[in-house]
Amino acid sequence: MEENIIELKGVSRQYDTTLAVDNIDLSIKKGEFVTFLGPSGCGKTTTLRMIAGFETPTSGQILLGGKDITSIPPYKRPINTVFQRYALFPHMNVFDNIAYGLKLKKVVNVYEDAEGRRVEKKERLSKAEIAAKVEKALKMVDLEEFEKRDVTTLSGGQQQRVAIARAIVNEPEILLLDEPLGALDLKMRKDMQLELKEMHRKLGITFIYVTHDQEEALTMSDTIVVMNDGAIQQIGTPLDIYNEPKNAFVADFIGESNIFSGTIVGERKVKFVNRVFDCVDDFPLNEKVDVVVRPEDVIVTPPGEGYIDGTITSSIFKGVHYEMAFTVGKTEVIIQDTVEHKVGETVGIKIMPEGIHIMAKEFVSNKYDGYITKHNTVCFAEGEFECDVTTLVPGSHLDEEGYLITPEGEKLDLTDRDVEVEVGLKDIEIIDNDEDGDACGSIVSIIYKGDHYQVVIRTDEEEEDFVADTEYAWNEFDRVSVKIPADKIKLKFKQTEKK
Amino acid sequence: MRKHLCIPYSVFLVLFVVAPIFIMLFYAFTDAENHLTLDNFALIFTDITVLSAALASVSVALVATLICLLIAYPVAYILARSGIKRQNALLILFITPMWINFVMRINALKEFFGLINLLDKSPYINTIIGMVYDFLPFMILPLYTTLLKMDKNLIEASYDLGAGKFTTFVQVILPMSMPGIVSGITMVFMPAMTNYVVSDILGRSQITILGKLIENYFMQTNWNAGAAISMLLLAIMFVSTWLTGGFKDDGAQAARGGLW
Numbered sequence: 000m001e002e003n004i005i006e007l008k009g010v011s012r013q014y015d016t017t018l019a020v021d022n023i024d025l026s027i028k029k030g031e032f033v034t035f036l037g038p039s040g041c042g043k044t045t046t047l048r049m050i051a052g053f054e055t056p057t058s059g060q061i062l063l064g065g066k067d068i069t070s071i072p073p074y075k076r077p078i079n080t081v082f083q084r085y086a087l088f089p090h091m092n093v094f095d096n097i098a099y100g101l102k103l104k105k106v107v108n109v110y111e112d113a114e115g116r117r118v119e120k121k122e123r124l125s126k127a128e129i130a131a132k133v134e135k136a137l138k139m140v141d142l143e144e145f146e147k148r149d150v151t152t153l154s155g156g157q158q159q160r161v162a163i164a165r166a167i168v169n170e171p172e173i174l175l176l177d178e179p180l181g182a183l184d185l186k187m188r189k190d191m192q193l194e195l196k197e198m199h200r201k202l203g204i205t206f207i208y209v210t211h212d213q214e215e216a217l218t219m220s221d222t223i224v225v226m227n228d229g230a231i232q233q234i235g236t237p238l239d240i241y242n243e244p245k246n247a248f249v250a251d252f253i254g255e256s257n258i259f260s261g262t263i264v265g266e267r268k269v270k271f272v273n274r275v276f277d278c279v280d281d282f283p284l285n286e287k288v289d290v291v292v293r294p295e296d297v298i299v300t301p302p303g304e305g306y307i308d309g310t311i312t313s314s315i316f317k318g319v320h321y322e323m324a325f326t327v328g329k330t331e332v333i334i335q336d337t338v339e340h341k342v343g344e345t346v347g348i349k350i351m352p353e354g355i356h357i358m359a360k361e362f363v364s365n366k367y368d369g370y371i372t373k374h375n376t377v378c379f380a381e382g383e384f385e386c387d388v389t390t391l392v393p394g395s396h397l398d399e400e401g402y403l404i405t406p407e408g409e410k411l412d413l414t415d416r417d418v419e420v421e422v423g424l425k426d427i428e429i430i431d432n433d434e435d436g437d438a439c440g441s442i443v444s445i446i447y448k449g450d451h452y453q454v455v456i457r458t459d460e461e462e463e464d465f466v467a468d469t470e471y472a473w474n475e476f477d478r479v480s481v482k483i484p485a486d487k488i489k490l491k492f493k494q495t496e497k498k
Numbered sequence: 000m001r002k003h004l005c006i007p008y009s010v011f012l013v014l015f016v017v018a019p020i021f022i023m024l025f026y027a028f029t030d031a032e033n034h035l036t037l038d039n040f041a042l043i044f045t046d047i048t049v050l051s052a053a054l055a056s057v058s059v060a061l062v063a064t065l066i067c068l069l070i071a072y073p074v075a076y077i078l079a080r081s082g083i084k085r086q087n088a089l090l091i092l093f094i095t096p097m098w099i100n101f102v103m104r105i106n107a108l109k110e111f112f113g114l115i116n117l118l119d120k121s122p123y124i125n126t127i128i129g130m131v132y133d134f135l136p137f138m139i140l141p142l143y144t145t146l147l148k149m150d151k152n153l154i155e156a157s158y159d160l161g162a163g164k165f166t167t168f169v170q171v172i173l174p175m176s177m178p179g180i181v182s183g184i185t186m187v188f189m190p191a192m193t194n195y196v197v198s199d200i201l202g203r204s205q206i207t208i209l210g211k212l213i214e215n216y217f218m219q220t221n222w223n224a225g226a227a228i229s230m231l232l233l234a235i236m237f238v239s240t241w242l243t244g245g246f247k248d249d250g251a252q253a254a255r256g257g258l259w
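As you go down the protein sequences, you meet chains B and L in turn.
Using numbering that gives the first Met the number 0, you'd call the opening residue of the first sequence number 0 and step up by one each time.
Using numbering that gives the first Met the number 0, you'd call the opening residue of the second sequence number 0 and step up by one each time.
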């Protein structure tokens, strides 16, 4: 039970210039239901396709039961796939679709010859065996007596079932499912989720499931692998992932969350929204942290009885609960409660220490490698920025020709000197077009942090990231440019080893 | 209101499609004195010139179509599925000959054959080469389109289920490209039966195919026999289109393989 059925070791996949999967290490146990979860383009499907054998990793190894299968073609792997758009053969009926793999399969049969010796023969399955297996698989997916039906006449849900039957009939060691429920309606999805879970229990084989739907992942999986940008963000049980997200991305992607910037101000004490809260996580004093509070962990109290008083600014009925926005000053907290509070009402809120999850802050500042130009500006992240080069050497000044004069009177030519550049998150100004700033790119991520947004702007060519805190909401894929005041660019000579 | 937009097309259809068919029907079933007769059809099935022309037409068209298919399929497959660079440029290279007037092309081919002393060898082979040269793009294009549209997932699904490259080709790719094969055959076989310019120029008029025969009859102002042969060709086309499923709904039916 505890043995690893599949292992990925340092697996990467590069397409031309983009790295779809970046050095992934992962091992999956036999019989597990593992879900790769992440937004589109995070590398989850590419990872699945490498396990199936449709893609070869550009580097790294894939082991199946300890054996290297990295370069084995898909038709020789004991792995079957349920495709996103079913991929049923339209020129075959249901029976022929499901029997496709069986007809190709060769099994070892043992016979006794005339002298009583054991003889092993590799044989194809007989027609009766195939028919029996197909029937069993159809029963498994509740499609008895559909054998003769034309697959093009089936509904989406039925096609999906045929696709599942076609895969499991081959008794694979691993079943791969690439967003198999993506094209079904909500009700059907819910039913199929439970059925797939039940099927997993009955078959006892390893399921690897790919989805971008966090709820689906939480419902079905034993283990969730959260991916973003081609890298694994967190691996854990649904409960772990939900309750103890490792970083702001995971917290934001899994369920609704309030994410605040905070500071550790004492032993198990964290300050955010201008107030000190008790918490259960231990972090070094003065550490800048991200604080995650799930909306259902915020307790609404009558005014004055909570930790903070504020106003309800919006309220939406969501079926079981109301989702409300609570605003104090510039900070907004999302609350879920079964009791409705009207917009404009003043209430207090309380958060128990167990409801506060603290994560080390991902970005405290942006760091780049750059160089100084002959005009004493600095180039980094595909942009040229005004800067104060005299900060490189304390007490220095520039002469008329633009040379840097050190306090010792030494004359330095800075042109092409490599420097380390540091820019604070709050010091980046985002401009709504890609011309007026000094460097431009597209917004690739935006996370709301209680009183501001944390925006990641990625440049086009070298894919350098600017992480910026801003009070304005931007949209993903917006084309923007950035401006940084000269005095906010911190420069340091790069420590180069002189050979 | 929208119905009125159909009027020009309907007029065109009646004037240039329906009416000529009836005129042809009239000539096919009458003699020179406009008396109803079946003699024209009797002539077709008894006259040795007509029968040999039909045989020549069918054999030339069959061989040319087969060669076209054998050349075009790999070409279309490589263009559509191998992911080679400059795919479009290559496709255009194969298609450009269509943009040059075909009489010009065939005459060029004739000059070329003369240069390598092939012209007097076999009128049949020359005609077939000319037909292949002439109609190859018509075979490549539908095949290319079908192969390009084919869902990559189906091929991957076949590999995934344990089929190697050859089995995948025979079981999945070939049956799925049937619509392209069928329309390619239709686009090549039918014109190859009647295109007498090729047989005139490259076969040096030593082969008479049905198209040529029709022309001959019309030149002799025997409109009735000409019309009857035309009707026969029309019937052949009708039957073969029906056999290949060309009249059925394109989508589901053609995807299932059509021909079989």
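Hints may be right or wrong, so weigh each one.
Calculated lysine-lysine pairs in the DSSO-like style (CA-CA distance at most 27 angstroms, straight line) [claimed, not checked]:
no.: 1; chain 1: L; residue 1: 151; chain 2: B; residue 2: 147
no.: 2; chain 1: B; residue 1: 493; chain 2: B; residue 2: 448
no.: 3; chain 1: B; residue 1: 373; chain 2: B; residue 2: 491
no.: 4; chain 1: B; residue 1: 75; chain 2: L; residue 2: 164
no.: 5; chain 1: B; residue 1: 245; chain 2: B; residue 2: 147
no.: 6; chain 1: B; residue 1: 102; chain 2: L; residue 2: 120
no.: 7; chain 1: B; residue 1: 120; chain 2: L; residue 2: 164
no.: 8; chain 1: L; residue 1: 164; chain 2: B; residue 2: 105
no.: 9; chain 1: B; residue 1: 489; chain 2: B; residue 2: 373
no.: 10; chain 1: L; residue 1: 164; chain 2: B; residue 2: 66
no.: 11; chain 1: B; residue 1: 317; chain 2: B; residue 2: 448
Label pairs and their computed distance ranges (CB to CB) [as the list claims (entries may be wrong)]:
no.: 12; chain 1: L; residue 1: 89; chain 2: B; residue 2: 128; range: 43 to 49 angstroms
no.: 13; chain 1: L; residue 1: 8; chain 2: B; residue 2: 72; range: 31 to 37 angstroms
no.: 14; chain 1: L; residue 1: 77; chain 2: B; residue 2: 148; range: 19 to 25 angstroms
no.: 15; chain 1: L; residue 1: 81; chain 2: B; residue 2: 149; range: 28 to 34 angstroms
no.: 16; chain 1: B; residue 1: 186; chain 2: L; residue 2: 6; range: 47 to 53 angstroms
no.: 17; chain 1: L; residue 1: 36; chain 2: B; residue 2: 144; range: 58 to 64 angstroms
no.: 18; chain 1: B; residue 1: 128; chain 2: L; residue 2: 20; range: 40 to 46 angstroms
no.: 19; chain 1: L; residue 1: 73; chain 2: B; residue 2: 149; range: 28 to 34 angstroms
no.: 20; chain 1: B; residue 1: 435; chain 2: L; residue 2: 4; range: 35 to 41 angstroms
no.: 21; chain 1: L; residue 1: 73; chain 2: B; residue 2: 72; range: 20 to 26 angstroms
no.: 22; chain 1: L; residue 1: 89; chain 2: B; residue 2: 441; range: 33 to 39 angstroms
no.: 23; chain 1: B; residue 1: 459; chain 2: L; residue 2: 11; range: 28 to 34 angstroms
no.: 24; chain 1: B; residue 1: 459; chain 2: L; residue 2: 12; range: 53 to 59 angstroms
no.: 25; chain 1: B; residue 1: 214; chain 2: L; residue 2: 12; range: 56 to 62 angstroms
If you're looking for bench data, these hints aren't it; they were derived computationally from the structure.
Built from N, CA and C at the ideal position, the CB exists for glycine as well.
Cross-check of the supplied hints:
At most 27 angstroms may separate the alpha-carbon atoms for a hinted pair to count; residue 151 (chain L) and residue 147 (chain B) meet this at roughly 25 angstroms. Straight-line distance between C-alpha atoms of residue 493 (chain B) and residue 448 (chain B) comes to about 33 angstroms, which puts the hinted pair past the 27 angstroms bound. With a C-alpha separation of about 17 angstroms, the suggested pair residue 373 (chain B) and residue 491 (chain B) falls inside the 27 angstroms cut-off, and the hint holds. Simply put, residue 75 (chain B) and residue 164 (chain L) have alpha-carbon atoms about 12 angstroms apart, close enough for the 27 angstroms limit, and the pair holds.
Between residue 245 (chain B) and residue 147 (chain B) the CA atoms are separated by roughly 51 angstroms; this puts the pair beyond 27 angstroms, and the hint is violated. For the hint pairing residue 102 (chain B) with residue 120 (chain L), the CA-to-CA distance comes to about 51 angstroms; that exceeds 27 angstroms, so the pair is violated. At most 27 angstroms may separate the alpha-carbon atoms for a hinted pair to count; residue 120 (chain B) and residue 164 (chain L) meet this at roughly 24 angstroms. For the hint linking residue 164 (chain L) to residue 105 (chain B), the alpha-carbon distance of about 17 angstroms falls within 27 angstroms, and the restraint holds.
For a cut-off of 27 angstroms, the pair hint linking residue 489 (chain B) to residue 373 (chain B) stands: about 18 angstroms separates their Cα positions. Our distance criterion of 27 angstroms between C-alpha atoms is met by residue 164 (chain L) and residue 66 (chain B), whose separation comes to about 24 angstroms. Under the criterion of a C-alpha separation no larger than 27 angstroms, the hint pairing residue 317 (chain B) with residue 448 (chain B) is consistent with the structure, at around 23 angstroms. For the hinted restraint 43 to 49 angstroms between residue 89 (chain L) and residue 128 (chain B), the CB-CB distance of approximately 47 angstroms keeps it satisfied.
The supplied range of 31 to 37 angstroms is broken by residue 8 (chain L) and residue 72 (chain B), whose beta-carbon atoms lie about 53 angstroms from each other. For residue 77 (chain L) paired with residue 148 (chain B), a C-beta distance near 36 angstroms fails the hint of 19 to 25 angstroms. Checked against the hint of 28 to 34 angstroms, the pair residue 81 (chain L) and residue 149 (chain B) passes, with Cβ atoms roughly 31 angstroms apart. A C-beta distance of roughly 49 angstroms is found between residue 186 (chain B) and residue 6 (chain L), which places it inside the suggested range of 47 to 53 angstroms.
Between residue 36 (chain L) and residue 144 (chain B), the C-beta spacing of about 60 angstroms keeps the proposed range 58 to 64 angstroms intact. Distance hint for residue 128 (chain B) and residue 20 (chain L): a CB-CB separation of about 57 angstroms, inconsistent with the stated range 40 to 46 angstroms. Separation of residue 73 (chain L) from residue 149 (chain B) is about 31 angstroms and conforms to the stated range, judged on CB atoms against 28 to 34 angstroms. Distance hint for residue 435 (chain B) and residue 4 (chain L): a CB-CB separation of about 50 angstroms, inconsistent with the stated range 35 to 41 angstroms.
Taken as a hint, the range 20 to 26 angstroms holds for the pair residue 73 (chain L) and residue 72 (chain B), whose Cβ atoms sit roughly 22 angstroms apart. At about 34 angstroms, the CB distance of residue 89 (chain L) to residue 441 (chain B) agrees with the hint of 33 to 39 angstroms. Distance hint for residue 459 (chain B) and residue 11 (chain L): a CB-CB separation of about 53 angstroms, inconsistent with the stated range 28 to 34 angstroms. At roughly 54 angstroms, the beta-carbon separation of residue 459 (chain B) and residue 12 (chain L) lies within the given 53 to 59 angstroms, and the hint holds.
At roughly 57 angstroms, the beta carbons of residue 214 (chain B) and residue 12 (chain L) sit within the given window of 56 to 62 angstroms.
Taken one by one, the earlier hints fail for this structure at numbers 2, 5, 6, 13, 14, 18, 20, 23, listed in ascending order.
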